[in-house]
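Q: Each chain is listed here by its residues.
2 protein chains.
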Amino acid sequence: MLSIGIDLGGTNIKSALIHRDEGIIAQDSVPTDAGRGPDYVLDRIAESVQNTRNKATEDPVGIGIGSPGIISLDRTTVSNPPNLPGWDVVNVNEELKKRTGLDAVVENDANLMALGSSRYGEGQDLDSLIMLTLGTGVGGGIIINRELYRGATGAAAELGHVIINFDGPSSNSKAKGGVEAYIGQRFLIRNALPLIKKHPDNTLAKEYLDKPEALEPVHLSREADRGNNLAVQILSEAGRMLGYAIVNYIHILDIRNIIVSGGVAKAGDWILEPARAAARERLLPPYLEGFQLSYESLGNDAALLGAGSLAFELLANHR
Amino acid sequence: MLSIGIDLGGTNIKSALIHRDEGIIAQDSVPTDAGRGPDYVLDRIAESVQNTRNKATEDPVGIGIGSPGIISLDRTTVSNPPNLPGWDVVNVNEELKKRTGLDAVVENDANLMALGSSRYGEGQDLDSLIMLTLGTGVGGGIIINRELYRGATGAAAELGHVIINFDGPSSNSKAKGGVEAYIGQRFLIRNALPLIKKHPDNTLAKEYLDKPEALEPVHLSREADRGNNLAVQILSEAGRMLGYAIVNYIHILDIRNIIVSGGVAKAGDWILEPARAAARERLLPPYLEGFQLSYESLGNDAALLGAGSLAFELLANHR
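Protein chains in written order, with the numbering used here: chain D, 238 to 556; chain C, 238 to 556.
I should point out that these hints are in silico values taken from the structure, not numbers from a laboratory.
Among these hints, one or two may not hold up.
Because identical chains share one entry, a pair is satisfied inside a single copy or across any pair of copies.
[What the hints assert, rightly or not] In the DMTMM-like style, the derived pairs of lysine to aspartate or glutamate whose C-alpha atoms are separated by at most 20 Å in a straight line are:
hint, residue 1, residue 2
1, Lys-434, Glu-453
2, Lys-443, Asp-364
3, Lys-413, Glu-474
4, Lys-434, Asp-362
5, Lys-292, Glu-518
6, Lys-503, Asp-276
7, Lys-292, Asp-258
8, Lys-443, Glu-332
This is chain D alone, in the form it adopts within the complex:
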């Protein structure tokens, strides 16, 4: 059985042909050109679907789409996705049906990372897991008994906006002291700059103080690998914040398998070890048993696989 998974980003539209047993068997990517508005973007999605579909030996069951923004509970409609100007409210299912003849279901992109991990990745053997996407922002998805947990309106798992310090810094106008404000990529770098300035002889200061926008978590972990204590300290502090947020997820959900993905997660154990230590320090004793924090090695493919899985699970019987 085949499906098409789409990852709708502000820069690129990625699509993949997914085989139920074998996973991704073909991929495609086209530029989003988001500035040209919803109709143009929907045409590009349809184009990428067609490119992918051309490689299929049988008709796909349908399309699963991972999107930012608010997704309707019936998974047809996206509202106000950040990075996609002019979208307001778009019924993606209707628009793609018109353009491709295929049914489409849409879901929050972080939720699909969780689903992809559950079906094809680190989460394959787990009944329940918490996925954290550590990128520019921090998002999340929750799998309970092998199903996505969506909440009352489909908006569950806004894990980056879980407060860890009510007096903390802001990541947007309303969220203050959420974990994203500490470890979202741009906030992590913003928070590190004052410390880097204090060490003008450090490689990080020499290479990035005049162009801080070029500094990425991967540079910090590379420096940490080389024994740069300042880099170790910055990543360790980020990990500590992550650990406190994890305590909150576990105390509420009693789900002890946490899986991370995204650019910041690529710093690996430089962040994850301090996160494990902080979580172990604060978790109530019964919750320590079975606590695991691991890295999703599928990377961004998890989102495409999750999108394809959603199509298998929701659309296969429509045909």
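The hints should help you fit chain C onto chain D, whose structure is shown.
A: Here is chain C on its own, set in the frame of chain D:
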């Protein structure tokens, strides 16, 4: 249909005869005398079950028991309940079957408050709700699609130990900066004392500084009713902390109906209004729709009704 609901406390064992449609139709209470050990306490539970059963016109379907401590996933066994010395691990189902001939199921007491509210109280018309028990400690229960959410091991909803400030005060040796450390009854009073000391002419200082252990939230709300600004300020600050914790529950669960009970909740709107304001200030905009924070007017009866409901739902088919 009848069942027996038990609320196993460190001081008293309360029991109630529950009629499925009419709710509580008879009640009984015996002292726990917890110091005399598990066998003695189990005999007292059996005694109270018998007292209640004597008032029944038909045989109850079984016993539901609300208990502190860790409850096994199969709901037979209680481990290390605080306030019940010597319990270690007790199979309550087996022990009560021996003593009463009735089947018994045991569940965390805050979870049963949530279930009682869902079946007989404020939560009757809600698919999902979050119950917060604001007493000496802060506990919680989560109802999703009209069922208790129990997590991977039955330990979900440890809502008092959700961190709102990782640099905050402690409520026990491991939990630091959790909401319980701000608004659990004894911590609320502990945190208020320095402020009260600064106002020696205030009624609160005159009446309670020499016996702070006698100061309870109800005294604060009574003073607030009388226009005592210091009392208003103390309760308002507690409410603000509660509001931040609620943001965390809602951002993770996307459940927007929060119901509170317990001694601290009796301060009513002096706490709840500031909590609503703080939550509204920090919730991401989509989560404001449908947000409700209300008080469970059943009081402690919710726990007994929840215990009885659990017996109806799990034991009625055993007979």
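Q: Output the indices of the hints that this structure fails to meet, ascending.
A: The structure conflicts with hints 2, 4, 5, 6, 8, although it agrees with all the remaining ones.
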